[in-house]
Amino acid sequence: MTKPQTSNMPMSDQMAAMIRHLRQEVPSCLAAGVVDMATGMLLSFETTESHPSEVLDLLAGATLDLFQGRTVTMIEDVFKERRGIASAEHYFQEILVNSTNLTHLFIRNNRHEDVVAVVVCPKSVNIGMLFASARRVVRDHGGA
Numbered sequence: 763m764t765k766p767q768t769s770n771m772p773m774s775d776q777m778a779a780m781i782r783h784l785r786q787e788v789p790s791c792l793a794a795g796v797v798d799m800a801t802g803m804l805l806s807f808e809t810t811e812s813h814p815s816e817v818l819d820l821l822a823g824a825t826l827d828l829f830q831g832r833t834v835t836m837i838e839d840v841f842k843e844r845r846g847i848a849s850a851e852h853y854f855q856e857i858l859v860n861s862t863n864l865t866h867l868f869i870r871n872n873r874h875e876d877v878v879a880v881v882v883c884p885k886s887v888n889i890g891m892l893f894a895s896a897r898r899v900v901r902d903h904g905g906a
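Heads up: take any position in the sequence shown, counting from 1, add 762, and you land on the numbering used here.
Just so you know, the hints here were simulated from the structure itself, not pulled from any lab data. Given the structure is predicted, the values throughout are model-derived calculations rather than measurements. All C-beta atoms in this analysis are idealised placements derived from N, C-alpha and C, irrespective of residue type, glycine included. Be aware that a few hints might be false.
No farther apart than 20 Å at their CA atoms in a straight line, the calculated lysine to any residue pairs in the SDA-like style are these [as the list claims (entries may be wrong)]:
#1 K885 x L864
#2 K885 x T809
#3 K842 x E856
#4 K842 x N860
The following label-pair restraints were derived from C-beta to C-beta distances [unchecked claim]:
#5 D876 x M836: 11 to 21 Å
#6 M836 x E808: 12 to 22 Å
#7 V859 x R901: 37 to 47 Å
#8 S774 x V817: 17 to 27 Å
#9 G802 x F841: 39 to 49 Å
#10 E843 x E811: 16 to 26 Å
#11 E808 x G846: 35 to 45 Å
#12 N863 x P772: 32 to 42 Å
#13 S774 x N872: 32 to 42 Å
Could you build the full structure based on these sequences and the hints that come with them?
Spelled out as structure tokens, the structure:
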């Protein structure tokens, strides 16, 4: 895949392009979305099924809790203190969650640290391919 030229695009178009590429490039991708950690809102998403808006709103809130919940930030602060890191950068960059039938990958975008990409696949997905594909797409769109 050719690296997308998205730097001159409005942020909403950049996020829509990243979601489109995640859906195309990640094997067995059922859904992809982008969460704004500053507001806790789901900025954009694509899915193979319709989901109630309450579920999508909860996904955004759950993503915020996973990356920036009170206990998570305390853990990050302890790790940074023990390692002598004075940076305000977030310590956790990727989180993988397996539910009964699905695998959910959450990846923080390093260029826009308040942006987290979410990819949902069947639990049978090859985890290595999921990580490699999702990381490549997020990186190509200005991330990690």
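Do the hints match the structure? See the list:
For a cut-off of 20 Å, the pair hint linking K885 to L864 stands: about 4 Å separates their Cα positions. Between K885 and T809 the CA atoms are separated by roughly 16 Å; this keeps the pair inside 20 Å, and the hint holds. This hinted pair checks out: K842 and E856 have alpha carbons roughly 17 Å apart, not beyond 20 Å. Among the hinted pairs, K842 with N860 is inconsistent with the structure: their alpha-carbon atoms are about 27 Å apart, more than 20 Å.
Separated by about 19 Å at the C-beta atoms, D876 and M836 satisfy the suggested range of 11 to 21 Å. Range check, M836 to E808: Cβ separation about 34 Å, and the 12 to 22 Å hint is violated. Checked against the given bound of 37 to 47 Å, the beta carbons of V859 and R901, roughly 21 Å apart, lie outside it. Roughly 22 Å separates the CB atoms of S774 and V817, a value that falls within the hinted 17 to 27 Å.
Between G802 and F841 the C-beta distance comes to about 23 Å, which lies outside the given range of 39 to 49 Å. Restraint check, E843 to E811: a C-beta distance of roughly 43 Å breaks the suggested window 16 to 26 Å. Judged by the Cβ atoms, the range 35 to 45 Å given for E808 and G846 holds: they are separated by roughly 42 Å. Restraint check, N863 to P772: a C-beta distance of roughly 36 Å satisfies the suggested window 32 to 42 Å.
A hinted range of 32 to 42 Å is violated for the C-beta pair S774 and N872, which are about 19 Å apart.
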